[in-house]
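> Spelled out, the chains give:
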Amino acid sequence: MTNEVKISTKNVDVFYGDNHAIKDVSVDILKNTVTAFIGPSGCGKSTFLRCLNRMNDTIDSCKITGELLMDGEDIYAKSVDPVQLRAKVGMVFQKPNPFPKSIFDNVAYGPRIHGLVGNKTDLEEVVETSLRRAAIWNEVKDRLDAPGTSLSGGQQQRLCIARAIATAPEVLLMDEPASSLDPIATAQIEELIDELRNNYSVVIVTHSMQQAARVSQKTAFFHMGDMVEYGDTTAIFTNPVDQRTQDYITGRFG
Amino acid sequence: MLALTALLIVGLAIGFFILSRAKAISVSQGALANLHSRPSYHGTYVMLWVVIVGLALLLVLMLGGNAYLDAKFLGDIRAALPDARDIEIDLVLSDVKAIAAGLVSSRIDPLREATAIDFATADAVRIWATVAISLGGALLAGVLGMRQISAEWRARNRSERIIVGILWLSAAVAVLTTLGIVLSLIFETFNFFASIGWRVDKFLFGTRWSPLSGVQDGMMDMDKVGAVPLFAGTLMITGIAMLVAVPIGLFAAIYLSEFASPKVRLWAKPMLEILAGIPTVVYGFFAAITVAPFIRNAGEAIGLSVASESALAAGIVMGVMIIPFISSLSDDVINAVPQSLRDGSYGLGATKAETIRQVVLPAALPGIVSAILLGVSRAIGETMIVVMAAGQGANLTANPLEAVTTVTVQIVMLITGDTEASTAAGPAFTLAFTLFCITLALNIFALRFVRKYREKYD
Ligand SMILES: Nc1ncnc2c1ncn2[C@@H]1O[C@H](COP(=O)(O)OP(=O)(O)OP(=O)(O)O)[C@@H](O)[C@H]1O
Ligand SMILES: [Mg+2]
Numbered sequence: 000m001t002n003e004v005k006i007s008t009k010n011v012d013v014f015y016g017d018n019h020a021i022k023d024v025s026v027d028i029l030k031n032t033v034t035a036f037i038g039p040s041g042c043g044k045s046t047f048l049r050c051l052n053r054m055n056d057t058i059d060s061c062k063i064t065g066e067l068l069m070d071g072e073d074i075y076a077k078s079v080d081p082v083q084l085r086a087k088v089g090m091v092f093q094k095p096n097p098f099p100k101s102i103f104d105n106v107a108y109g110p111r112i113h114g115l116v117g118n119k120t121d122l123e124e125v126v127e128t129s130l131r132r133a134a135i136w137n138e139v140k141d142r143l144d145a146p147g148t149s150l151s152g153g154q155q156q157r158l159c160i161a162r163a164i165a166t167a168p169e170v171l172l173m174d175e176p177a178s179s180l181d182p183i184a185t186a187q188i189e190e191l192i193d194e195l196r197n198n199y200s201v202v203i204v205t206h207s208m209q210q211a212a213r214v215s216q217k218t219a220f221f222h223m224g225d226m227v228e229y230g231d232t233t234a235i236f237t238n239p240v241d242q243r244t245q246d247y248i249t250g251r252f253g
Numbered sequence: 000m001l002a003l004t005a006l007l008i009v010g011l012a013i014g015f016f017i018l019s020r021a022k023a024i025s026v027s028q029g030a031l032a033n034l035h036s037r038p039s040y041h042g043t044y045v046m047l048w049v050v051i052v053g054l055a056l057l058l059v060l061m062l063g064g065n066a067y068l069d070a071k072f073l074g075d076i077r078a079a080l081p082d083a084r085d086i087e088i089d090l091v092l093s094d095v096k097a098i099a100a101g102l103v104s105s106r107i108d109p110l111r112e113a114t115a116i117d118f119a120t121a122d123a124v125r126i127w128a129t130v131a132i133s134l135g136g137a138l139l140a141g142v143l144g145m146r147q148i149s150a151e152w153r154a155r156n157r158s159e160r161i162i163v164g165i166l167w168l169s170a171a172v173a174v175l176t177t178l179g180i181v182l183s184l185i186f187e188t189f190n191f192f193a194s195i196g197w198r199v200d201k202f203l204f205g206t207r208w209s210p211l212s213g214v215q216d217g218m219m220d221m222d223k224v225g226a227v228p229l230f231a232g233t234l235m236i237t238g239i240a241m242l243v244a245v246p247i248g249l250f251a252a253i254y255l256s257e258f259a260s261p262k263v264r265l266w267a268k269p270m271l272e273i274l275a276g277i278p279t280v281v282y283g284f285f286a287a288i289t290v291a292p293f294i295r296n297a298g299e300a301i302g303l304s305v306a307s308e309s310a311l312a313a314g315i316v317m318g319v320m321i322i323p324f325i326s327s328l329s330d331d332v333i334n335a336v337p338q339s340l341r342d343g344s345y346g347l348g349a350t351k352a353e354t355i356r357q358v359v360l361p362a363a364l365p366g367i368v369s370a371i372l373l374g375v376s377r378a379i380g381e382t383m384i385v386v387m388a389a390g391q392g393a394n395l396t397a398n399p400l401e402a403v404t405t406v407t408v409q410i411v412m413l414i415t416g417d418t419e420a421s422t423a424a425g426p427a428f429t430l431a432f433t434l435f436c437i438t439l440a441l442n443i444f445a446l447r448f449v450r451k452y453r454e455k456y457d
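Which chain is which? The protein sequence lines are A and B, in order. So for the first sequence, numbering that gives the first Met the number 0 puts the first residue at 0; every next one is plus one. So for the second sequence, numbering that gives the first Met the number 0 puts the first residue at 0; every next one is plus one.
Excised from the complex, chain B in its bound form (with noise of 0.2 Å):
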């Protein structure tokens, strides 16, 4: 019903754009240079006014309406049973909701049916209105807008203003949602920290990770929230990665871009992309399945005891999914360098390697930070493959054959575990915080150096 009323909303405006482009034009009395606007502005205004009038009486009766209705049944509900407690009461109203609307209840009883038909009967009451009174608003605002027109009337400045608002809106609601995330994220952060009587050093330098093992009246075990091994895990499968990705994605973007055949680089380039389209679950799969194993054995070959979960076997998987990103990207930027600039340094006598090391690859190195660092914000943030590869526990280790565990995964188990949410949420933002800080230190410095490199040599 709500969401036809919208649909109508849309074609009343698309009405009303066409009814004042065509009053428009015969205001202009034939030559359309006495407009100040042009006709489709004038169009466009009433049609954004028709448009947000409408949508903004909607949104504001159907929220407003239901909290309207549910404060009146709960205020009757307890008027009716003033012993109940609060949770039964909620229990009574959402079994009148599901009678009215023809569902199955807990109970049945005299009240719950004599609420319902009341409750059907006003909710009929408030989605009639809620229609009448949007679409009423709507007409009325096309009406109002359209005696507006005339040769003078300026439609295009203030559709415009109209259309900046809805950019400004559009850009804050992302940053205000991003703003609520962090906010929230400082907010449990600080609840956690309290919660261990304020020895950030504890969480921040401690080596034991064990978080949950010690609660005693909502205090944690000081002793047992030490991070370093989840970040040393971390920083061990990213670097392991790392030493994957980058050079074999760069090599092959070097390959694809200045070596291949046209031929080749059109099946390749596709190729390499579809590797970035493989969900990493089926890489976490493919690590802990084949990867794993094979490390395993091969180290057993050679006399070294490798763990059946570790560091490296997930850190080389996870390279091999980043090289895509590496590749790809760094593809893209050798390609924008200028064909000028080869032919400078070939006109010099320089050969295609030289000309790739000292000027193709200095020319793109912005681009091709960018996308390194892209990829280490992907190793940081990758879970599945390490819950899959790496193994759980939290041990603190320099040995790449041994489990480790990454920041990541232990948000994992203590969001999935079957600890209380309320508990078990203070060490799992503070490390989402924690990550969220590194994530944006890194991107920070990307984006300096780029601007740094970018100013020196555009």
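With the rest of the complex left out, here is chain A (with noise of 0.2 Å):
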């Protein structure tokens, strides 16, 4: 863990039409750090999340305010094509969304439009990698032109995990990553995570404080849009500061 910023937010807030879901918020996201995000549902994580990544450009009632800055540029500055930057903020969707394309055809999406490789060998072998590290190469090896959407659901997760991670992104946004996993697969999940670390950072959004226990070493808590508390992972989840926080995390409300 290092001190360096990557994201830096100020002062944020994110209005889905009247709604104010996102309420002064600044958070900074470090070099080779993994920030989870927690709170209860509905509370704010995903639009934050998405935000980092302008993904919310394609919401039409979405406001967004306030200062973020990556590397010291500003992400929302007329001069940044939104296309560039989600190449290097990459993310993996609450909801797993595979294309209706091949197991194959899935993974390699970001390289090719991306053209990250040069040869079709080259593309095969990201292609491994990826699904390596995503913990299921060894269920879909033998079937890569399968399309996508015939895996079951937790297959369907590590694929899009798998697909996020072949773009080679310099931030990762993961939302719920092992929602629908096994805790087999979800203990592999997080020695990628973890693994990611060396070179990337990693933005984690989930519901078992166990997980954000394990695999942060920053933690956010938001409640009702409110960034309430954040800090390192210890600290918050043996002293917190706040009464919402030792209440959610003890389990009190959530």
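Please keep in mind that the hints were generated in silico from the structure rather than gathered at the bench. Be a bit skeptical, because a hint or two may be false.
Claimed, not checked - Some chain A residues flagged as far from chain B (calculated, every beta-carbon gap over 12 Å):
1) K9
2) D27
3) P39
4) T57
5) E66
6) A76
7) A86
8) P99
9) N105
10) A134
11) W136
12) T166
13) A186
14) M208
15) Q216
16) V240
To be verified - Within a straight-line C-alpha distance of at most 30 Å, the following computed DSBU-like cross-link-like pairs (lysine-lysine) qualify:
17) K62(A) / K71(B)
18) K9(A) / K22(A)
19) K140(A) / K87(A)
20) K87(A) / K77(A)
21) K77(A) / K62(A)
22) K9(A) / K119(A)
23) K351(B) / K119(A)
24) K77(A) / K351(B)
25) K9(A) / K30(A)
26) K62(A) / K351(B)
27) K201(B) / K268(B)
28) K62(A) / K22(A)
29) K351(B) / K100(A)
30) K62(A) / K30(A)
31) K119(A) / K62(A)
32) K94(A) / K351(B)
33) K22(A) / K87(A)
34) K140(A) / K94(A)
35) K100(A) / K140(A)
36) K30(A) / K94(A)
37) K100(A) / K77(A)
38) K94(A) / K451(B)
39) K119(A) / K451(B)
40) K96(B) / K71(B)
Remember, predicted model here, so these are calculated numbers, not experimental data. Ideal Cβ placement from N, Cα and C applies to all residues, glycine included.
Starting from the two chains in their separate frames, assemble the complex, guided by the hints.
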């Protein structure tokens, strides 16, 4: 863990029409660090995550104010092309969304559009490593031509993770990446996250306190659009400052 | 009178519904849970019986009574005019009916007048008997049905079974009608092939089409029944139409669903759909009066000789006619592609164009293919535009600037021409049957394709 800031956000507000979904949130995402966003359902974790790679641009009613910088540059500046930004800030969505293509083409999608690989063997290698790292290679290696949509929910989730890491982003945003995985696959994904930290910054949204404690170094607790508390994961889980944080992590509400 | 009876039966049924429901409620002794079926099912059950018995009796008596009266009076008239031919007896009967109804008849003579009086009496008896028996039957069905009502009576299951029966009957009517049409097509096709000495190859591969010019003793000249020019014309015009309609329709759909602001969409989509509502005769008129001369002038300006009626003009206008089918349906399927797929693509750093080409369109492909095939079926079956703008001469040509004709146009010419229907029907039905086979094959192919694709990617 370093203290170098990758993405810094200050006084961010997000509105969906009249719904004030994020209220004056300031968080720093550090390099080579896993940051966990926790909080009750509907508190705005996904919304805030989607601000970091401008996915909210696709929602017409969504308005964002405040300062969001990546490597010191304004993410929302006119000169920034959201397409290039998203190539650097990858995302795994809360709901698995494999493309109606083969498993292979799903993973190869990013490398292909960004021209990351020169030839077919390189591409095959990228696909294989990505699937291996996402702990799904053994299950799909014999049917890479099968449609991605024919996989089970948990397999689709790991396919989407493989798809995201194949693009080699600098920051990876993961919205509940283990929500439908069994304990073994979950452990493998957590291992992956830990490994990704060597090269990237990772932000993970999770509803599992144990998972947040296991994989993250920094934790931010959200509650009804407010960022209540942000700090070292160990500090948040052993010694929370705010009463709401304490209630949440001890399971008194949420 | 009889329509009024049908209304009365329906009224009766509604009355029985209310009575039966009330009876079921009273049978339940205040606790509806005692009943096997809810009160309105008891009502429905009795009501269905009343309607079915009443209307069935009405229908049978109406048709049977008419047939009986006709047979009886034809017999009477024949007895009075033993030497008359069948057709004269028919004429007398229709005169009798006219006089009885107070209308003008072709002739008036004592026989006709006397029979008319008899007929009027018998007809009145028939009508009153029909009314009385069907109303009585309906009433009886209602009373008997109501007597069944008890707490254990399974009115729900029984009325559901009746309703399933009614649904089955409707489906059967649709299927049987189609079957009947196909059978009559096949029958006439056989007749036609018999009349050319079973030289089916002459029909399928011959290149001269002029079937009515060489009819002798019911046999056709087998060298003049070659349908190739017609199918070639249909193919060419359909091809031109699809060349116009598929790109424009698809691009319009992509624009509407992916790029247009909600406001533009709100008025542009209905505008496109209005295009689909224009009668094809208007398009044909437009093709013949505006587009064909325009193409001819334009062609002449660059030194091409263009016929005043050309496949190109008809094809282009037909394409314009088909655009809304393709664009509107494709727009719907593109819109149905879940936003999460687009998000997934954007989230990997794909541009809008990449997302549309590689994710949205493949996901929407089955729907787009069926939209296109629907357009092709429309184009193959379209008649009016071609009659007006493409000509009627059966030319075999690959040049879209010449006049061609299509299968549907020739069917129209055959049926509306002044040759006897029995002669013209053969080639017309055979063409229709061939066309039917082609569209059927097209539909089967489309279904197969869509299903295969669905299985793979759902
Ligand atoms: N596309 C949208 N349009 C309008 N409102 C939205 C949209 N997406 C989210 N919201 C609203 O924003 C608020 C925060 O939603 P968000 O999805 O960020 O919650 P979350 O913390 O991710 O919850 P969960 O843990 O259930 O995923 C909610 O009140 C939600 O209703
Ligand atoms: Mg969420």
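> Mind verifying the non-interface call on T57(A)? Its CB should be farther than 12 Å from each CB in chain B.
Nearest chain B Cβ is 6 Å from T57(A), so the label is violated.
> Would you mind confirming whether the straight-line C-alpha gap from K62(A) to K71(B) stays at or under 30 Å?
Outside the cut-off at roughly 86 Å; violated.
> Mind checking the alpha carbons of K30(A) and K94(A) for me, to see if they're no more than 30 Å apart?
26 Å, holds
> E66(A): least C-beta distance to chain B exceeds 12 Å?
23 Å, holds
> According to the definition I'm using, a residue is off the interface if its beta carbon is farther than 12 Å from all beta carbons of the partner; does A134(A) meet that for chain B?
20 Å, holds
> Can the restraint linking K22(A) and K87(A) be considered satisfied, given a maximum Cα separation of 30 Å?
26 Å, holds
> For Q216(A), is the shortest CB-to-CB distance to chain B above 12 Å, so the non-interface label stands?
24 Å, holds
> Tell me if the straight-line CA distance from K119(A) to K451(B) falls inside 30 Å.
It holds: about 28 Å lies between the C-alpha atoms, which stays within 30 Å.
> Given the hinted pair K201(B) and K268(B), is their Cα-Cα distance within 30 Å?
Violated, because 48 Å separates the two Cα atoms, which is more than 30 Å.
> Is the Cβ of K9(A) farther than 12 Å from every Cβ of chain B?
Given a closest Cβ separation of 24 Å, the condition holds.
> Would you check whether the claim that D27(A) is not at the interface survives, using Cβ distances to chain B and the 12 Å cut-off?
22 Å, holds
> Taking 30 Å as the top limit, are the C-alpha atoms of K9(A) and K119(A) close enough?
44 Å, violated
Going down the numbered hints, you'll see the structure goes against 4, 7, 8, 9, 12, 17, 22, 27, 31, 37, while the others check out.
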